[in-house]
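A.B. asks: Fit chain B to the known structure of chain A by using the hints.
2 protein chains.
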Amino acid sequence: MTKEHDPHYQDVLKISRIAAHLEAIQSLLGWDQETYMPPSAIEFRSQQHEIIASQIHKHQTSHDFQQALSNLIDLATGQIKIPSLSNAGKAAAREWRRDYLKNTKLPLSFVEKFAKATSISQHVWMQAKQHNDFQSFAPHLKNCIELCKEKANYLGYEEHPYDALLDLYEPGMKTSIISPIFSKLKIALKELIKEICAKKNPSYPFLLREFPAVQQLEFSKNILQAFGFSNEYSRLDQSAHPFCSALNPLDIRMTTRIVNGYPLSNIFSVIHEAGHGIYEAQLSIHEYGSPLGSAISLGIHESQSRFWETFIGKSHAFWRHFFPILNKKFPQSLSDVDLNNFYCAINEVRPSLIRVEADEVTYCLHVILRFEIEIGLVEGSIQVEDLPEVWNEKMIDLLGISPLSDAVGCLQDIHWSMGAIGYFPTYALGNIYAAQIFQAFEEHHSNWEERVGMGEFLFIREWLQTHLHQYGREFTPCEIIKKITDNHLDSTPYIKYLRDKFTPIYNL
Amino acid sequence: MTKEHDPHYQDVLKISRIAAHLEAIQSLLGWDQETYMPPSAIEFRSQQHEIIASQIHKHQTSHDFQQALSNLIDLATGQIKIPSLSNAGKAAAREWRRDYLKNTKLPLSFVEKFAKATSISQHVWMQAKQHNDFQSFAPHLKNCIELCKEKANYLGYEEHPYDALLDLYEPGMKTSIISPIFSKLKIALKELIKEICAKKNPSYPFLLREFPAVQQLEFSKNILQAFGFSNEYSRLDQSAHPFCSALNPLDIRMTTRIVNGYPLSNIFSVIHEAGHGIYEAQLSIHEYGSPLGSAISLGIHESQSRFWETFIGKSHAFWRHFFPILNKKFPQSLSDVDLNNFYCAINEVRPSLIRVEADEVTYCLHVILRFEIEIGLVEGSIQVEDLPEVWNEKMIDLLGISPLSDAVGCLQDIHWSMGAIGYFPTYALGNIYAAQIFQAFEEHHSNWEERVGMGEFLFIREWLQTHLHQYGREFTPCEIIKKITDNHLDSTPYIKYLRDKFTPIYNL
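One line per chain: the protein sequences are A and B, in this order. Number 196 in our numbering belongs to position 212 of the first sequence; there are no gaps in the numbering. Number 8 in our numbering belongs to position 24 of the second sequence; there are no gaps in the numbering.
Treat the hints as calculated values from the structure; they're not laboratory data. There are no misleading hints in this set.
Because identical chains cannot be distinguished in the list, a pair is counted as satisfied if it fits within a single copy or across any two copies.
Below 20 Å or equal to it, Euclidean Cα-Cα: the simulated SDA-like pairs (lysine to any residue) are: (1) Lys(-2) - Phe28; (2) Lys(-2) - Glu27; (3) Lys(-2) - Glu96; (4) Lys168 - Asn471; (5) Lys42 - Arg1; (6) Lys(-2) - Gln31; (7) Lys(-2) - Lys42; (8) Lys205 - Phe314; (9) Lys65 - His(-11); (10) Lys313 - Ile242; (11) Lys467 - Leu282; (12) Lys168 - Thr476; (13) Lys42 - Glu7; (14) Lys(-2) - Ile269; (15) Lys97 - Tyr138; (16) Lys480 - His429; (17) Lys42 - Gln31; (18) Lys178 - Leu382.
Small disclaimer: the values here were computed from a predicted structure and weren't measured.
Only chain A is shown next, with the shape it has when bound in the complex (with noise of 0.2 Å):
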């Protein structure tokens, strides 16, 4: 059933297979958390949490799984050692070893001392955040960044010490691609923001009005059921924060936020996790457990879910379909508004403070600040204390806006207070692969906006499973694009594709 026969790597698979068993289960816990769970259960969940990230640990570190694999690939040289394997066979021991390299370069000392801080640092963000205190968040900040250059050591980089933290979201990227191509990308969207905001913007008052989430709900399944998704092997449920949380192939549960004076929350969330729910569904049921059975990376998979939600969900192909429909759902707050004006609301380009509500055109910059400093930090060029007004400096030169407070502004995002440094940039890589991998999808399919008009997406998800999903890992996300569109990585397409999209939108 596998693409790979060989018995050796059939043995490294069922071992393989158990751990993604047990990262399976975990998913479960993070879904029942946000969704159902009892809110006094909390503290006997982390621990349930604990006790299943060691198990996974204990699993894929393990003696068996170490011996397992040496007899498909030299661990310490990355030599494939059964020259008869598939190269899909191969591909999946070198993302097998890579896995297990990061699985063990930490040593549990490390790994410890890094959970306590970080744990601790994020209570303290928090607190910090709601209020208004960086100074109290500063020195744990210090420590984290210190513990991430640690850790990068620990792990060990060619180039510069940041690679080594993008590596463990982002497979085999490195600090010198995304430099020039965040560079390029950063001068094109200022110039067209200045454009935009020299023309007139109209506000969209009627999203403002009631829509009733029974109704909004049904709307989000209607859309979930034109993507090909069933009962069957899927779900929606609400949650705070929307999510997907896939199981397995088979197990795909996607969470929306219902937000009764603003139906765009809702709408926006189902497609962009639906993007993420189709990959993980089409992923090969077969190869379940290895690499070929896995997403690529953070970057691949948001270029996956922005695919959906921009690309198609905020075209006007898209909402010929789908604004009848709506429409039909909502005639006491939509009667009034028509296609274009909907769409032209769905698109309004409006430098804001936070990155998780940003439009097409800003979204980027907030991430690209963001690495700026993440590098600035590990650098050593940019000081802990002197972040808000880094912060704030950065905010005006890319949106022309700065915040009132650190809490909507250096102290926004959670990332940081994880430790979590070199997995912002993933958020803008996946809009960039998003827009190579669009272009090349238009290549084939030159009336896609005909058939999207019609209500038709399943030729989508198939061509995404034909050109990306059904290879799981075997290829590395620079591999990838390079595989669907002849090209290396390169923002170009999705500055064009902006430029083009808010053209007309802006009278440009």
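C.D. replies: Chain B in isolation, oriented as in the chain A frame:
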């Protein structure tokens, strides 16, 4: 925080608590499967179950656990090694040893053989029941009986092989204790049924009217609230078969089944599961993971659910409070029904073929029938081939009716196909215990009907906590009954309760 402070005790507790957390995770897997899991996920779910079960077993039988426990108690003889342990600490050590021996006496090869055989047998049973084909199931049942006998030999027993099986579900219980108690109960119940069946039995067609699901669920939540449940630590969902799944005292999950045309199913399921839930919620959180924080046995657990469902929930006093509320929820279906009529309806006695739907008077006879057959099968005095005939004869003898097909006769329950011989008696024991506990409760709270009639329930919870729940497994079932009632296990209180209750209802 725990009753016992000895450091060796704490060492055992530490390991035992990890197993408890893993068991909580196992409960979550089960709860999720019955409530929200997408159907396609079932195969992967069973693999997740297997992995967690094996992790639990590993912890419970680990060398570390054995070593730690050996410091408290001699595993071979049961001699306590630390005389300074409190009585609670000694009891915990004894129960840990009981569990440890139970978990280690069966060779792995046997456990695997048993699991495989019963897995197949369950599958065959399901088909056999569907097609009313006992013959296809017979060889598998035969095999299950043989395996159970083999299991009994591994586990060991003093008097009767059935004792070893009983002990798995009801620690310390023996055939020689149960037999005379069941015999006495059987005679009394048969006599009571004869008297009731001689009377005119009116029907209650109003129970088959429309009872919309939303209001049914609301009413259930009214009951749970009155019983002291809050959403902080508990929840109610729907499932095909009602159950209570307690991850820990701060995470109690009950389910119910809503049938539009039959409201009693939901009402008494909820009260029954609430009884289980109150027990679990009132176990000591400080003793979590030790026998002192666990439920005593299946029978005692069932005594709690039956206590609430029948002794409280089917009492006239209960409905003096709740009938007006129910009436208000369903005015279109109940406005022409009065309290007394409703009270008689919920206490209708009518011999039926199916155990799970049986009334209070006939219920135990269904169990006694199975107990007698199980003893016969284990002793060899009943042959599997003769089972349908034996079953039908016993049904006629005990209940005066006989099934038209084996599907609703000897094939109705899943238990035997799972190799769960020795389980059934706990259902009847639950009722017998409940009556004894209820008698003691009545002595303390002679005005309970007055208070329940006014919607007071918390004093019942408190009484149960003081006299039963707080002890965990400090006492065996027989010991706790002695402690609460100052009497041995005895069916007299149950017989008296039934006669006292049904004499006025049926004008005997």
